[in-house]
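Student: Taken in order, these protein sequences are the chains called A and B.
Under full-length UniProt numbering, think of the first position of the first sequence as 1, with each following residue one higher.
Under full-length UniProt numbering, think of the first position of the second sequence as 1, with each following residue one higher.
Derived from the structure by calculation, the hints contain no laboratory data.
Among the hints, a few may not be true.
Claimed, not checked - Examples of chain B residues toward chain A, derived with CB under 8 angstroms:
1) 17
2) 38
3) 41
4) 156
5) 244
As the list claims (entries may be wrong) - Listed next, with one range per pair, are the computed distances between beta-carbon atoms:
6) 66/A to 81/B: 30 to 40 angstroms
7) 24/A to 545/B: 33 to 43 angstroms
8) 291/B to 24/A: 54 to 64 angstroms
9) 105/A to 99/B: 57 to 67 angstroms
10) 159/A to 398/B: 31 to 41 angstroms
11) 297/B to 165/A: 22 to 32 angstroms
12) 24/A to 262/B: 49 to 59 angstroms
13) 50/A to 103/B: 24 to 34 angstroms
14) 138/A to 27/B: 16 to 26 angstroms
15) 105/A to 27/B: 51 to 61 angstroms
16) 520/B to 165/A: 56 to 66 angstroms
17) 41/A to 217/B: 37 to 47 angstroms
18) 260/B to 67/A: 21 to 31 angstroms
19) 32/A to 27/B: 22 to 32 angstroms
It should be emphasised that the depicted structure is a prediction, and the values quoted were computed from it without experimental measurement.
Ideal Cβ positions, reconstructed from N, Cα and C, are used throughout, including at glycine.
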Amino acid sequence: MPKVIKQDGSIFQDDWVVVERPADGESLNLPDQPALIPADLWLAGKEHYIGRKNVGVWFDSHQEPEILAGLVNELDVIAVNFPKFADGRGYSIARLLRERLGYRNELRAIGDVLLDQLQFMKRCGFDRFVLRADKNAEEAARCLNFFSQGYQAATDTEVPLFRRRAS
Amino acid sequence: MYVYDKHDRQMAAERVEQFRDQTRRALAGELAEDEFLPLRLQNGLYVQRLAPMLRIAVPYGMLRSAQLRRLARISRDYDKGYAHFTTRQNVQLNWPAVEDVPNILAELAEVEMHANQTSGNCIRNTTTDQFSGVQADEIADPRPYCEIIRQWSTFHPEFAFLPRKFKVAVNASEHSDRAAIQVHDIGLQLVRNASGELGFRVHVGGGLGRTPMVGPVIREYLPEKDLLTYLEAVLRVYNRYGRRDNKFKARIKILVKALTPEGFAEKVEAEWAHIKDSPTQLTREAIEKFQTYFTEPAYEQVPDVSDDLATRRFEDRTFDQWMAHNVDVHKKPGYAIVTLTMKKTGTPPGDVSDRQLEQIADLADEYSFGEARVTHQQNAVLADVRQDRLFELWQAIRPMGFATANLNKLTDVICCPGGDYCALANAKSIPVAEAIQRKFEDLDYLYDIGDLDLNISGCMNACGHHHVGNIGVLGVDKKGQEFYQISLGGSSHHDAAIGKILGPSFARDDMPDVIKSIIDVYVDNRTQEEAFLDTYRRIGIDPFKERVYA
């Protein structure tokens, strides 16, 4: 069971598991636990999945969140995978899900998620973080809170500093 | 000049404490080297061939005297007593200890300086013309926009892990481009539209390195209020679609080329349509607020003093040469722009000692309202010198080594640190620069050759911008031996062009004579009016080839 970090750095455990993309020709097997399945496969079988509370989706970094336009709030959990921490596409995916597609539910960072990337993820709209297993979740609270504010608007701050200064 | 408010101060302090924590974890083995790498790079820290190197940001090249003095102190206390002006208006320390870097950053923050995003795959320091605000043909002062971009790009949460580094430059002059905007990832040219409103012409996808390219225009006119939303759209398209599978194909220029400039522009426009009216759109009040930091200093009403200067120049030929080459016209009567050249033969281009940094600080206080500027040609500028004090200033700077009257001449070499310092370099660059400088020591000969950009890079990464030198020199490695490849016809100015390779490379010892042969071809073929580049463009590369490889 993964340890999950919230935006305030607190830690809890839950049952969500990430279901890898099945090999070509094989079908997706849902486990008994709540499962995150590849977003495109969820879309392909959406009649089957909509309304199922224990099925969420995950995006890989090369995927386009726009494929779920109009449907995102049918999901309780969306995850974005960081295949390598230096792959920054997940930040754009998160902002698009939140700011463009209006996703309001849980947005989870998975994959190569390290402590020093949490602050950026939080600003881009992630509210749950599953750290890479070898990293110490107890340090997350400190790493999430080095900065008291940011210059730019992002998902967490609608108004950039230049407008806040002026008022 | 920009002055931090409480928000800037707070974030600068928070950044230092964050990096202190990261450095502690790295030294304790809690962060793997590859995990610490992007964190230290985004705080300016490289680990180089001989020692770590710290690249300190000088936003758009502006420095107050107190900042120069602090740089001098830091270079003395933490380094070997000298620093290096880079080709992107930054300052580098060559020998700091990794564990000292958090303290160095704390000392920098005290004088409103930092090393944020001076390296790594993120948005780098924004650069501009070193004559901003003091030249006559400027459309508007570019520095408020540079500061707006600096703040927007600083710790931008979406763009901290781009496919590759990303450089923005802004130019405001109508007739010149000292910021080389067409060889940047984004080049912004300030323009006015038919109604006289300010905006930008946007170039995207220029760059040097392995695949040199002049950046195409993807938008002819962008209203100034839309600056940040449009940049955000460009960056988002790049972040999502730029190549990440091959480091050498990851710059935005490759994406622009793959999509074609039109195709790329369409993607940007589509993204921008969603965000152009977001709160990131600039307000008039915000732009005006930023402009208040870049108002004119307290100029005195003084007339031009051409008669007196003419007499002095007539009496002293060396002063006359310095006036002719290192002093530029100022927009205010009675004032002048002075470039302090850092290219004295025998010193690596761009290197300054702690003492020299303090001398520049003293000169700035005495002659130029306490401010100095760094140029991407690795010189320093005093932008607001009274003409009636030019002779006195010249006398003061001669013993300091800042008065070599070779600005924009062949010996005003742009040069990277090269194989003497840099782990990436294939070959040394500084000794080549010096050997060429020695070959062309005679000033009359140098002036007769006229304005000429000679750029030297020690490797493909092109920190010496060799592709855009009128004469470019690239260090290459052939079976462990250092060789040098020459290109001709590059330009980083309004008529930006990538130089063409002359032919097989040369051994280091041959380089001064090879350059001399190239110059001879120019001198033999030029018409009276022609600069080197003009002659090259008229006669082509073949006459140069024939002479050099004869």
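Student: A separate judgement is required for each hint: does it hold in the structure or not?
Tutor: Against the structure, the hints come out as follows:
Interface hint at residue 17/B: satisfied, since its Cβ lies 7 angstroms from the closest Cβ of chain A, which is below the 8 angstroms cut-off. At its closest, the beta carbon of residue 38/B sits 6 angstroms from a beta carbon of chain A; the interface hint therefore holds under the 8 angstroms criterion. Among the interface hints, the one on residue 41/B is violated; its C-beta lies about 11 angstroms from the nearest C-beta in chain A, farther than the 8 angstroms criterion. Hint on residue 156/B holds. Least Cβ distance to chain A is approximately 6 angstroms, under the 8 angstroms limit.
For residue 244/B, the interface hint holds, since its Cβ comes within 8 angstroms of a Cβ in chain A; the closest pair sits about 6 angstroms apart. Between residue 66/A and residue 81/B the beta carbon distance is about 56 angstroms. The supplied range of 30 to 40 angstroms is therefore violated. The beta-carbon spacing between residue 24/A and residue 545/B, approximately 56 angstroms, falls outside the hinted interval of 33 to 43 angstroms. Separated by about 59 angstroms at the C-beta atoms, residue 291/B and residue 24/A satisfy the suggested range of 54 to 64 angstroms.
Evaluation of the 57 to 67 angstroms hint for residue 105/A and residue 99/B yields a failure: the beta carbon distance comes to about 44 angstroms. Separation of residue 159/A from residue 398/B is about 54 angstroms and departs from the stated range, judged on CB atoms against 31 to 41 angstroms. Remark: the range hint 22 to 32 angstroms for residue 297/B to residue 165/A is upheld by a beta-carbon distance near 24 angstroms. Evaluation of the 49 to 59 angstroms hint for residue 24/A and residue 262/B yields a failure: the beta carbon distance comes to about 36 angstroms.
In this structure the hint that residue 50/A and residue 103/B lie 24 to 34 angstroms apart at CB is violated, the actual value being about 57 angstroms. For the hinted restraint 16 to 26 angstroms between residue 138/A and residue 27/B, the CB-CB distance of approximately 20 angstroms keeps it satisfied. Residue 105/A and residue 27/B have their C-beta atoms about 40 angstroms apart, which leaves the hinted 51 to 61 angstroms range violated. Between residue 520/B and residue 165/A the Cβ separation comes to about 59 angstroms, which falls inside the hinted range of 56 to 66 angstroms.
The hint said 37 to 47 angstroms for the Cβ distance between residue 41/A and residue 217/B, and at roughly 42 angstroms that hint holds. Evaluation of the 21 to 31 angstroms hint for residue 260/B and residue 67/A yields a pass: the beta carbon distance comes to about 25 angstroms. Distance hint for residue 32/A and residue 27/B: a CB-CB separation of about 45 angstroms, inconsistent with the stated range 22 to 32 angstroms.
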